[in-house]
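*Asks:* Sequence:
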Amino acid sequence: MQSVYFNHDGNVDDLVSLLLLLQMPEVKLIGVSVIDADGYIDPAVSASRKIISRFGTANRQPTAVAKSDSRPVHQFPKEWRLSAFSFDDFPILNEAGKPTIPIAKQPAHLDMIEKIKQVDSKVTLVMTGPLTDLARALTVEPTIVNQIQTLYWMGGTLNSQGNVAEPGQDGTVEWNAYWDPAAVKTVWDSDLPIVMVGLDSTNQVPLTQALRQRWAKQRRYPALDLIGQGYSLVHSFEANSTYYLWDVLTTLVSHYPELVDTTQVNSTVIATGPAAGRTEINTNGRPLTFVTNVHADAFFDKIDMLAKNAPLH
Numbered sequence: 002m003q004s005v006y007f008n009h010d011g012n013v014d015d016l017v018s019l020l021l022l023l024q025m026p027e028v029k030l031i032g033v034s035v036i037d038a039d040g041y042i043d044p045a046v047s048a049s050r051k052i053i054s055r056f057g058t059a060n061r062q063p064t065a066v067a068k069s070d071s072r073p074v075h076q077f078p079k080e081w082r083l084s085a086f087s088f089d090d091f092p093i094l095n096e097a098g099k100p101t102i103p104i105a106k107q108p109a110h111l112d113m114i115e116k117i118k119q120v121d122s123k124v125t126l127v128m129t130g131p132l133t134d135l136a137r138a139l140t141v142e143p144t145i146v147n148q149i150q151t152l153y154w155m156g157g158t159l160n161s162q163g164n165v166a167e168p169g170q171d172g173t174v175e176w177n178a179y180w181d182p183a184a185v186k187t188v189w190d191s192d193l194p195i196v197m198v199g200l201d202s203t204n205q206v207p208l209t210q211a212l213r214q215r216w217a218k219q220r221r222y223p224a225l226d227l228i229g230q231g232y233s234l235v236h237s238f239e240a241n242s243t244y245y246l247w248d249v250l251t252t253l254v255s256h257y258p259e260l261v262d263t264t265q266v267n268s269t270v271i272a273t274g275p276a277a278g279r280t281e282i283n284t285n286g287r288p289l290t291f292v293t294n295v296h297a298d299a300f301f302d303k304i305d306m307l308a309k310n311a312p313l314h
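Going left to right, the sequence shown walks through residues 2 to 314 as the working numbering numbers them.
Keep in mind the hints are simulated off the structure, nothing from the lab.
Do not take every clue at face value.
27 Å max Cα-Cα, derived DSSO-like pairs, lysine-lysine [as the list claims (entries may be wrong)]:
#, residue 1, residue 2
1, K118, K106
2, K123, K106
3, K303, K218
4, K29, K99
5, K99, K309
6, K79, K68
7, K29, K118
With beta-carbon atoms standing in for the labels, derived distance ranges [stated by the list, open to error]:
#, residue 1, residue 2, range
8, G169, A297, 34 to 42 Å
9, P168, G98, 42 to 50 Å
10, H236, G169, 21 to 29 Å
A virtual CB, placed ideally from N, CA and C, is assigned to each residue, including glycine.
Could you put the whole structure together from the sequences, leaning on the hints where they help?
*Replies:* Pasting the structure below:
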């Protein structure tokens, strides 16, 4: 059984990632926390609790959802963050009334430490938002490095083609890294084994009309219906860019590495200036595993398979 701690930032693909993690038969989700980044944190925490209550399995789900008190250096555009409110209001998540999963007593970075230290085996850490909570956890309790098997992070890019178009930056940065560049450097400076799922590979799995139709045709399965409804909230024209399955790819790779091809690279992080948050190849940098190619058909099939296995009622 793979022990997984999941830290996300509350947009549609984060919440779909949580839904799919709960369906992986060999995964025990030991903890879930939410950071106030690509989705507003209160509805994202609420939606996470409801997803776990509705689609979780008692022996594999976390006992609480932790709320981060980390703050951004650069916040995501508010227009991108609003979908968490609508997702939280979906009837399928509210039919049963209030969620049975409580909010954790400690903030996310301390909850991360507590949950990781409680497990006898090493933990897989999946992060689909900024790295701030992990950076803070490492500062408070550096020894958790020894209890983390691998960090799977959706963030960064190694081809200098970012997705941030904000004044004062140079276009080479990915948003999760830009949210808190210093946190990325803190994690890069650690000894954690890292699998980086950057824009270079996530751009291979766009949200298309054909994909929306694929899920629509399978809406008799409640989890696929929820996935289809979730992605109906996002459109390319709203963000002036294509929407990709960034976080779902990262989440599935953490348990199904055969879905992608990877290579070993050495990388550094720029923490300040116009390129703050840029991750780049550097022969003198830290080693990491970098996802280069996605087997897209197998990836989309795996989403369907997991969702069909979710509880029907």
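*Asks:* Quick check: which numbered hints come out false for this structure?
*Replies:* No numbers; nothing is violated.
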